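Assembly of the complex is requested from the two constituent chains, each provided in isolation within its own frame, with the hints serving as guidance.
Order-wise, the sequence lines are chains A and B.
For the first sequence, the positions run 1 to 313 when our numbering is used.
For the second sequence, the positions run 1 to 439 when our numbering is used.
Keep in mind that the hints were calculated from the coordinates and are not lab data.
One thing to keep in mind: the hints can contain errors.
Short, incomplete list of chain A residues facing chain B, as computed with Cβ under 8 angstroms [unchecked claim]: (1) R15; (2) G153; (3) P184.
Covered by chain A, per the in silico footprint, the following chain B stretches (three or more residues, Cβ under 8 angstroms) [stated by the list, open to error]: (4) 52 to 61; (5) 365 to 373; (6) 424 to 431.
Model, not experiment: these values are computed from the prediction.
Built from N, CA and C at the ideal position, the CB exists for glycine as well.
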Amino acid sequence: MSRVAVLKGGTSLEREVSLRSGTNVEAALRRLGHEVLPMDADQHLVRHLREERPDVAFVALHGRGGEDGTVQEILEILQIPYTGSGVLASERAMDKVVSKALFRAAGVQVPHGYAFSKEAFSRMGAADTLPDIQQTLGLPLCVKPARQGSALGISMVKEPGDLAAAILNAMGYDDRVLVERFVPGRELAVSVVMAKQPWALPVVEAVPLGHDFYDFEARYTPGETELRPPRDVEDDIIQEAARVSILAAETLGCRGIARVDLILDDEGRLWVLEINTIPGMTDTSLLPKAAEIAGLGFDRVVADMLALAALDV
Amino acid sequence: MSTHDVTDNPSTGTPVPPQTPLVGPADAARYDSRFSLLASGATSSAMRDLMAITEQADVISLAGGLPDTEAFPRAIFDDIASDIGADYLASSLQYGPTDGMRELREAIVGIMAHEGAHARADDILITSGGQQAIDLSIRTFVNRGDTVLAEGPTYPGAVPCFTAYGADVTHVPLDDDGMRVDLLEEAYARLAGEGRVPKIVYTIPNFQNPAGVTMSLPRRHRLVEFAHANGLIIIEDNPYGQIRFEGEALPTLYELDDGAGWVVYLSTFSKILAPGIRVGWAVAPPQVLRKLNLGKQAADLCSSTMTQRFVTEYLKRHDYREHVARLNAIYLRRRDVMLGALEARFPEGATWTRPRGGLFVWATLPDFIDTKALQAKALERQVAFVPGEAAFLDGSGTSSMRLNFSGVSEALITEGIGRLGEVIAEFCTLHDALNPGRA
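Extracted from the complex, chain B is given alone in its bound form (with noise of 0.2 angstroms):
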């Protein structure tokens, strides 16, 4: 046995001990029979091994979800970074509050008054990004079984979230004006009438994602009533609303819940500042504010209060709208440049939607098509997109894929869409092929 070579790491030219695991295969069943059953939940699944291949450098990934990160202005963040090392240094290596830094939370009270929303710094809790907000808040409510509704297609990333905790999810379709607030009133009227009262409602109003649809207003009033008229919960995600090219900004569900405490609102400043920094928020009424409080000590204690300084010192010397304007202003051009690929490039009978906002176009393929197949193919042709099965918890979506347009360059998107196209065409002629009296 040679077990006791050393190699050098090159970072730190310490000697470390070659990694050697002990535990092998034989011993997986040793583990099995004491996971919990919320990581038994997590299983390995096709579509993970599938989407893995996609992270590979020359592929164009039109899969990813990725702000622009290269517009942040160099001068700003080396002016920032160099000020706390002189003015908050110790305080910025410190475990901070749970519910995080009082001056964020008094500047988030300003960031979504800009968004026409009226929240009390006391209603904040700082998250590690929008999506432990989003982890949290399902946490908060769901009880294994429980039955939710969300959007079909809903965040993809919120999918796993709802796996863990073993909710029962049931889809709400949408539209180019959201949610069909109509079918949730039916679905929820059907699922009580079976005894399985849905406790949440989980939407993301503007720019959906994956679906890049925004809500209308008067959907978001019906929304708002119907929940208190039924005691439902809505979990509202908004981490798009300012990522807007077009139109006017619509009220929220916060807002137009008015203080009656049946919204809880989540957003994060991954796409307004950057992704890197892990900041977002949950708004709450106190006493859910607590239960969220106390799940996220048992998560993490705090967020880094070292972001959550630079993200207030950045708010108190610079107004992050200039900075969104300049995403925008990015994003329109690659939106654009996207619709008009899919226009020139897509078969008759794609649909796509057109969003005014957002990141995300949403495609629906001719129902013949599966996603899951057509990203296989696609693959040879070295370009990725997301199947719409990740979106839906019931195996829905096979003919739908989400198309990402911040995050790749236009040259790219066009190639991209192209490719697509092409293999898309491929499928088509195939499927003619084998349908002679249907062609």
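In isolation and in its complexed conformation, chain A is listed as follows (with noise of 0.2 angstroms):
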């Protein structure tokens, strides 16, 4: 039995998902026998774990701060093992344009797409630039705020003039934005589990309800969704997309459990579209849906996440 402090809430636009997420992990980390403190990642939260003094963290923190590196970098120097990945992963994922760039390097296929700060069109006049990638990547484009956890600010162009719309409003929610060739397709995802030798949960498909083909209202709509394990793919296709969340985790260097976001086209290629370091575990997330596909159980889950909790240093 340990002491462990589960972080969570915070102060990022996903605080609500987060407090989800801790409820169900702190439940699963009593039934497993530990000593849950429960901890909001507020302003007090150096002066709690010091006075604590915990065995471990679990970070249950979504977005900005508690997903980017930032409450990482506060356990490393209080020397808490922690759950999830270390600093540089978590700063590697949360930048959709710097995950994109490494995945690509690695071999990892991911939708074309092109980033811009804020400085490029203010200081450098890159909105000349719209028509040529336009003309690059086609309609539709996906526009999103480079590091935004939840689907806030992310937005489907399909027309040419809404371009430039679509980037000032993702840029409410970050400096930086990816703009991004939309591919269609089934959204699956994959969550790996980065023990010595990683291994993959069961692939889970997000199936829109209602809808004719999975769309990118249905993609982000909550509700209008049906979480199941993907009908008609084939066997070496799933195999393929274990394989591929591995090499897309590793190439991050991701540790504990991370989630995969794919796209299957449908000439049944794989494209990777992000990685989560702290995947969801609200009552209707991906990993907690993998867990029971594989048999395994939430808690099964969370004392996983709790063994692999490590420092960098």
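Here it is, written out as structure tokens:
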């Protein structure tokens, strides 16, 4: 039995999701027999950690501050082992621009795209490149804030004139945005366990309800998707999804359990969209679903995450 | 397993078991297949998650709709509370009639008369806040899929009621003179032509939430006449009518209906006394009142007899209009500070309403600004408002925002609007850079 601090909440835009994840994790840890110290990641966090001296920190934070290396660095300084990825891997995964570049270099297939910082527009006249981008990538385009975990700020551009507006909108959520080709296809999620010998949990497909195909709205509208094992997908594609996902997680140097989001297009090709180093643990999240399909259960996954807790240095 | 730890509940010293939910995420499906349509309709949204962050202590929140509760005199509260203990203890600890306490309903007749509305105590149902009056009236009239008319923007707190009962809401635009009744007539004709005849129109004629505007007298007449001619039920929500800083009160739609029975009138003590007492009311023709009453029986049997007694005793001994005058003086100063700050700090191209009462200003920014994105950015500067989308059921309002002036000090209003102005300026600069041809 350990004393486990569960770090949740915080001030990111995903605070509410994090609180839901944290509540589930705390219940599992108690069932596993651990002493649980719930901690909101607010301005008193460091003081609380010093006072409580937990054996290990379970990081159930999502988004900025909790998933981007910030809280991980604090835990390194305090020398408290923590779940999930270390400082560098967290930073790499949080920034979709950086992770995309690393994926491509490692031979992981990603949708073609370009990134812009605010300065590119305000100081270098990058607006003039927008027609080139549309020429190169075609339509529709997907515009995302580079460092934003939830679907907030993401929009699809179907008309040529809408790209500037979509970029402006995304810049509300981050000073850097990613413009990429929208790949239509089936949405798969692979949760990978980065043990000495990495392995993957069963693939989960997010299936839109009441939509003909998995379009953008369905992908990002809550309550409109069913999570289940993919049907009518050949086993070699499933195996390939697992292989690519482990490769992607290794490329960034992820630890613990990470979730890789992919698209399976109509021609059977897999495209990696992003890695979540702190997968959601809410009732409707993908990782708990994968654990259920695998017959492992939620508690076993939490136990594995805890067992893989570590420090970079 | 060590689920046998016992912690002390600090308030009572009674040992309580640690909270160890036995139900985990894997059990979610168990409930999903069993939830009612009504509950399934109420899903969580990005907007709700976004607004939850605004509730943190260090955020200047212009997002709330909170009346000032610090102006209520402590001595008055103490007197009444102590007299309730002496004279009405048993009855104010007991259930009461679903309709509400008779004395209170009679007092409400007097309050409505101050706004020129003539109701009978028998036609009044006491509710648990104005919100329950809205909920009851929508569920009394609306079947899933029924067409409902409402101002665009409409009260954000009514949106979950419309959603829960499956109302198909068509918004009617408003301007400085309130709801555009001419456009309501057009919408009604169009919808009727499609076989979707609207049953009810929900409106806040005075100092509308969120827009702050007031329906003009000619439009009030026209709306009531239209309702009479077409058999349209008007839900008149009037929480703010007496929170007036300027001008004369206009007749309520209820009064203009002149007993014809096409208006269901809703109001509350939340703004003229205090929201924590949760006492509101509905006025309706007997046939409708019976249905509201049955709905209330199912919901909560009766509103708190203790706070009904409190309000009744307060109204017996004091002129509530003195308290309203105190509040209005505070709000007027805050409104002026907000309007001044908007003038000074909001950019060219932004527009906003100049409410003559109520709690809110509605601002509309250049259309390239999405106020949800703006809210995300503004939270970095610790300031919050309600993005306009929250006041629509059809996804519009994306460039607008609701700003509350009643619940924030003058200094914080100035600071908050100043920060918002800076964030908006950043968006404008970036927009110009993104659209060099149009700058």
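Status of the hints after comparison with the structure:
no.	hint	in the structure
1	R15	5 angstroms, holds
2	G153	6 angstroms, holds
3	P184	23 angstroms, violated
4	52 to 61	holds (count 3)
5	365 to 373	holds (count 5)
6	424 to 431	holds (count 4)
In this structure, only the earlier hint numbered 3 is contradicted, and the remaining ones agree with it.
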